[in-house]
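Visitor: Listed here are the chains, written in short residue letters.
Number of protein chains: 2
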Amino acid sequence: MQRHRLVVIGAGFGGLFAIKALRRAPVDITLINGTAYHLFQPLLYQMATGILSEGEIAPPIREVLRRQKNVDVRLGWATSVDTANKIVSVSGPGIEYQVEYDTLIVAAGAAQSYFGNDQFADHAPGMKNIDDALELRARIFGAFEIADLQTDPDDVARWLTFVVVGAGPTGTEMAGQIAELAHRTLPGQYRHIDPHQARIILVDAVGAVLNTFGDHLSTRALRQLHLMGVEVELNTKVVGMDATGIEVETERGHERIPSMTKVWAAGVAAPPLARQIAEVTGAKTDRAGRIHVSPDLTVPGHPEIFVLGDMMNLNDEHGVQLPGVAQVAIQGGRYAARQVKRRLDGQPPDKPFKYFDKGSLATISRFSAVASVGKLRLSGFPAWVIWVAVHLFYLVGFKNRVTAVLHWAVSFLGRGRSERVATVQQAFARRAIREYGDPFTRALDDR
Amino acid sequence: MQRHRLVVIGAGFGGLFAIKALRRAPVDITLINGTAYHLFQPLLYQMATGILSEGEIAPPIREVLRRQKNVDVRLGWATSVDTANKIVSVSGPGIEYQVEYDTLIVAAGAAQSYFGNDQFADHAPGMKNIDDALELRARIFGAFEIADLQTDPDDVARWLTFVVVGAGPTGTEMAGQIAELAHRTLPGQYRHIDPHQARIILVDAVGAVLNTFGDHLSTRALRQLHLMGVEVELNTKVVGMDATGIEVETERGHERIPSMTKVWAAGVAAPPLARQIAEVTGAKTDRAGRIHVSPDLTVPGHPEIFVLGDMMNLNDEHGVQLPGVAQVAIQGGRYAARQVKRRLDGQPPDKPFKYFDKGSLATISRFSAVASVGKLRLSGFPAWVIWVAVHLFYLVGFKNRVTAVLHWAVSFLGRGRSERVATVQQAFARRAIREYGDPFTRALDDR
Chain V
1 MQRHRLVVIG
11 AGFGGLFAIK
21 ALRRAPVDIT
31 LINGTAYHLF
41 QPLLYQMATG
51 ILSEGEIAPP
61 IREVLRRQKN
71 VDVRLGWATS
81 VDTANKIVSV
91 SGPGIEYQVE
101 YDTLIVAAGA
111 AQSYFGNDQF
121 ADHAPGMKNI
131 DDALELRARI
141 FGAFEIADLQ
151 TDPDDVARWL
161 TFVVVGAGPT
171 GTEMAGQIAE
181 LAHRTLPGQY
191 RHIDPHQARI
201 ILVDAVGAVL
211 NTFGDHLSTR
221 ALRQLHLMGV
231 EVELNTKVVG
241 MDATGIEVET
251 ERGHERIPSM
261 TKVWAAGVAA
271 PPLARQIAEV
281 TGAKTDRAGR
291 IHVSPDLTVP
301 GHPEIFVLGD
311 MMNLNDEHGV
321 QLPGVAQVAI
331 QGGRYAARQV
341 KRRLDGQPPD
351 KPFKYFDKGS
361 LATISRFSAV
371 ASVGKLRLSG
381 FPAWVIWVAV
391 HLFYLVGFKN
401 RVTAVLHWAV
411 SFLGRGRSER
421 VATVQQAFAR
431 RAIREYGDPF
441 TRALDDR
Chain D
1 MQRHRLVVIG
11 AGFGGLFAIK
21 ALRRAPVDIT
31 LINGTAYHLF
41 QPLLYQMATG
51 ILSEGEIAPP
61 IREVLRRQKN
71 VDVRLGWATS
81 VDTANKIVSV
91 SGPGIEYQVE
101 YDTLIVAAGA
111 AQSYFGNDQF
121 ADHAPGMKNI
131 DDALELRARI
141 FGAFEIADLQ
151 TDPDDVARWL
161 TFVVVGAGPT
171 GTEMAGQIAE
181 LAHRTLPGQY
191 RHIDPHQARI
201 ILVDAVGAVL
211 NTFGDHLSTR
221 ALRQLHLMGV
231 EVELNTKVVG
241 MDATGIEVET
251 ERGHERIPSM
261 TKVWAAGVAA
271 PPLARQIAEV
281 TGAKTDRAGR
291 IHVSPDLTVP
301 GHPEIFVLGD
311 MMNLNDEHGV
321 QLPGVAQVAI
331 QGGRYAARQV
341 KRRLDGQPPD
351 KPFKYFDKGS
361 LATISRFSAV
371 ASVGKLRLSG
381 FPAWVIWVAV
391 HLFYLVGFKN
401 RVTAVLHWAV
411 SFLGRGRSER
421 VATVQQAFAR
431 RAIREYGDPF
441 TRALDDR
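Heads up: the protein sequence lines correspond to chains V and D, in order.
The opening residue of the first sequence carries number 1 in the working numbering; numbering runs sequentially from there.
The opening residue of the second sequence carries number 1 in the working numbering; numbering runs sequentially from there.
A portion of the hints provided could be inaccurate.
Identical chains blur together in the list; that is why a pair holds if it fits in one copy or across any two.
Unchecked claim - With a straight-line cut-off of 25 Å between C-alpha atoms, the simulated SDA-like cross-links for lysine to any residue are:
#1 69 with 183
#2 86 with 240
#3 237 with 349
#4 341 with 152
#5 354 with 91
#6 86 with 192
#7 86 with 117
#8 354 with 115
#9 375 with 183
#10 358 with 212
#11 86 with 116
#12 86 with 151
#13 69 with 151
#14 351 with 243
#15 86 with 378
#16 351 with 247
#17 354 with 100
#18 341 with 191
#19 69 with 191
#20 341 with 390
#21 237 with 99
#22 375 with 91
#23 351 with 239
#24 86 with 150
#25 20 with 342
#26 69 with 194
#27 341 with 296
Hints are computed from structural coordinates only; laboratory data are not their basis.
Since we're looking at a predicted model, the values are computed, not measured.
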């Protein structure tokens, strides 16, 4: 008799923890992922700002799962699910293939949303995947290089102005790190500019940074950002963007900020797969395209299909929507795995999924973080110690933990940022100033 | 009175060691480089095969020179030298600029040469810069992923056949590492292919591997390669190449090897700047475009212009042309710096440049290398220990030394290769099988 076939779409936190929880279960697992690596998103901002390498935050899936015998890893993008025949269609490099399932776990994550302004994407890369983070790394460090070559003070100012859109954990951490670059790492390394002159502007449409952390921590974070030289513009909406600047509506009215380097850390959009699944199953989706799931994380009417993590929309017991954070995906993955095991054992279904909020963490500068755990609110150095411990715990691979600590020692105790390589492929010149009109850029494209 | 102005083109071994040797000299140095990092080329093959990250072998120039006050680092490509007015023209991202010099050191390195077949470049990336190494990393690891998805045995074989062209140190080390991947790192990680089935073929038109190391070591290296499962085709010329294979003329006649992944580690070509300098100065160049320099490393008739490293053509005292290796560039850089200092002190010129051959090193597999130092020939583990020591010594940055050792422990004692990230930008699918014709690839381009 054939073993139960579980197909998992997505090798992020949700998919990976579901698979690991089933390592001894009598199932044949097929994991489908668009890349060969598992991305540790919480530290992506450190890769974008030169502290960590890609390898440290993106271990190969096959190495993560090398001891698990019941999983088959296949590269490819799941394009559609045929729920009647229980078949997933996948597009892979050079091949199209299909995989049959008895149970399906969909954990494909979410992308940034530009709120209908997709044309912003070229000017303000997101912070959801390695390609974007590499592009941003090239742009951020490249901006200082290019500023150093400018003779017109307006050009210098434009290249030394950085705008981060979105004051959640990702945007706040990015703004903090760019400020560290400007005020701690790079000063003294340039002969024609003073990196201290850089402006780092953090923008959000809501009225607080780290809005979901509560008033107390939000206020402390805002103070820390100010101490670091970050300008925070709240209640500010982005209404336009081009290669050389960004247009905002603030409380003061319409403003244009000349800035070559913009980071988009706002908004969320479920992948097209979510829409396709919702269409064939009749499930409802929210404004971001996330699928409204039943309390047991399955698609209504389809107990064999779980949707987890950033792709799902589910409220906690207070009616508050669960956030798109790692713990929600991890616990969802483990819950789905438990349900699969119970079904294989012929047991009745478990209680509904109950999210255990282990707290929120965000670090803004070295030795200073904010942590919210239950009713406990911590900030400053104690919170930073917890931040280090938690991230080390979840970072995959002993070697990665050691090199991460080493890199942190270099960047936080010392002033080094060694992982700053920007390839010619990603040369800022090509992407950001293509519209700026530059013969050298065109020559680059022809090389 | 204005200080002596030294302009250095190129931040490789030649330029960097010249600059460091002048850190206390009364000169104003301008360093012009196309990227913001110094590339440690001898370990580029380890980045291409997943052992080291880019940051470990490409430290930022500004961090390397952060303590040196008399140097100004400027991003850009030197396009031409006006020797009459002593002006270097530079194209930078978004700007064109010129730099005046009293003394000029040209150390811009060399690129791969495809011997007139530039169309091979898309199919067989070189091993001279980070962009190429990243592309190769994506292709090598991607090949195993894609092979695992194939159903036709011929397709599997094509994706699991790797051809390295050029059996000098670079090609030999690459072939050895790919063999390690196939026979040590990856087995057990795939469900549909057996990585042991991979073929690694090392090709060269000459009759020996590591030709310049002498018969004894060449023979030992050949034996080590065979032990590792590398097929070595000597006296073999590459006569054609396309996306899916490579055409060679061997002693047996014409053959086509179906292979998706090719590495070009052969040939050398000086950059266009060399041709321009030769034209305006009347200097002679060799077939690879390298400039024939005087015994004091200057351009004949232009004592104020030094040409070093891979760009120069100079014979040693036996009439043998100096190879394009790191030590030649390093010693040339230091020699040029000494001449500059002597001139500033009003001293007569030094003796002609004399290259002190500190030996040659190449490692083929873990714990096994070949070393040629003077009359001493070493192979196996003792040579490998020397290899480790030498590379650690020259690797810039304490942190890089520690993480490199850690990475080597992981890869050589353990079986891990963690630096395997291939971005979607570099997806093998886009570059190598574009001509293979694949709707998914075209879709990728449209994303």
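Visitor: Look at each hint and say if it fits the structure.
Guide: Tested hints:
Proximity of residue 69 and residue 183 under a CA criterion of 25 Å is satisfied inter-copy only: 19 Å between copies versus 49 Å inside one chain copy. Taking identical chains as interchangeable, the C-alpha atoms of residue 86 and residue 240 are never at most 25 Å apart, the minima being 44 Å within one chain and 46 Å between chains. Neither within a single protomer nor between protomers do residue 237 and residue 349 lie at most 25 Å apart by alpha-carbon distance, with minima of 45 Å and 67 Å respectively. Within a single copy, residue 341 and residue 152 get their C-alpha atoms no closer than 66 Å, and across copies no closer than 35 Å, so neither meets the 25 Å cut-off.
Proximity of residue 354 to residue 91 under the C-alpha cut-off of 25 Å is found in neither arrangement, the shortest distances being 35 Å within a copy and 59 Å between copies. With identical chains, the CA atoms of residue 86 and residue 192 are at most 25 Å apart between copies only, with a shortest distance of 23 Å across copies and 63 Å within one. Taking the shortest alpha-carbon separations for residue 86 and residue 117, neither the intra-copy value of 36 Å nor the inter-copy value of 50 Å comes in at or below 25 Å. Taking CA atoms no more than 25 Å apart as the test, residue 354 paired with residue 115 passes in neither setting, with 30 Å inside one copy and 66 Å between copies.
Proximity of residue 375 to residue 183 under the C-alpha cut-off of 25 Å is found in neither arrangement, the shortest distances being 34 Å within a copy and 53 Å between copies. Taking the closest pair of Cα atoms, residue 358 and residue 212 come within 25 Å of each other only inside a single copy of the chain (14 Å); across copies the shortest separation is 62 Å, beyond that limit. For a Cα distance limit of 25 Å, the shortest separation of residue 86 from residue 116 qualifies neither inside one copy, at 33 Å, nor across copies, at 54 Å. When the C-alpha separation of residue 86 and residue 151 is checked against a cutoff of 25 Å, the pair qualifies only between copies, where the shortest distance is 22 Å, while the shortest distance within a copy is 63 Å.
Taking identical chains as interchangeable, the C-alpha atoms of residue 69 and residue 151 lie at most 25 Å apart only when they sit on different chains, with a minimum of 21 Å there against 61 Å within one chain. Taking the closest pair of Cα atoms, residue 351 and residue 243 never come within 25 Å of each other, the shortest separation being 52 Å inside a single copy and 55 Å across copies. Neither within a single protomer nor between protomers do residue 86 and residue 378 lie at most 25 Å apart by alpha-carbon distance, with minima of 48 Å and 62 Å respectively. Taking the closest pair of Cα atoms, residue 351 and residue 247 never come within 25 Å of each other, the shortest separation being 49 Å inside a single copy and 64 Å across copies.
With identical chains, the CA atoms of residue 354 and residue 100 are never at most 25 Å apart, being 30 Å at best within one copy and 70 Å at best between copies. For the homomeric pair residue 341 and residue 191, the shortest alpha-carbon distance between copies (23 Å) is at most 25 Å, but the shortest distance inside one copy (63 Å) is not. Taking the shortest alpha-carbon separations for residue 69 and residue 191, only the inter-copy value of 9 Å comes in at or below 25 Å, while the best intra-copy value is 57 Å. With identical chains, the CA atoms of residue 341 and residue 390 are never at most 25 Å apart, being 28 Å at best within one copy and 54 Å at best between copies.
In this homomeric assembly, residue 237 and residue 99 never come within 25 Å of each other (Cα to Cα): the closest approach is 44 Å inside a single copy and 44 Å across copies. Taking CA atoms no more than 25 Å apart as the test, residue 375 paired with residue 91 passes in neither setting, with 46 Å inside one copy and 58 Å between copies. Taking the shortest Cα distances, residue 351 and residue 239 never come within 25 Å of each other, neither inside one copy (45 Å) nor across copies (68 Å). For the homomeric pair residue 86 and residue 150, the shortest alpha-carbon distance between copies (22 Å) is at most 25 Å, but the shortest distance inside one copy (59 Å) is not.
In this assembly of identical chains, residue 20 and residue 342 lie within 25 Å of each other by CA distance solely inside one copy; the values are 16 Å within and 67 Å between copies. For a Cα distance limit of 25 Å, the shortest separation of residue 69 from residue 194 across copies, 15 Å, qualifies, whereas the shortest one inside one copy, 55 Å, does not. Taking the closest pair of Cα atoms, residue 341 and residue 296 come within 25 Å of each other only inside a single copy of the chain (14 Å); across copies the shortest separation is 77 Å, beyond that limit.
In summary, the structure is inconsistent with hints 2, 3, 4, 5, 7, 8, 9, 11, 14, 15, 16, 17, 20, 21, 22, 23 from the numbered list given earlier, while agreeing with the others.
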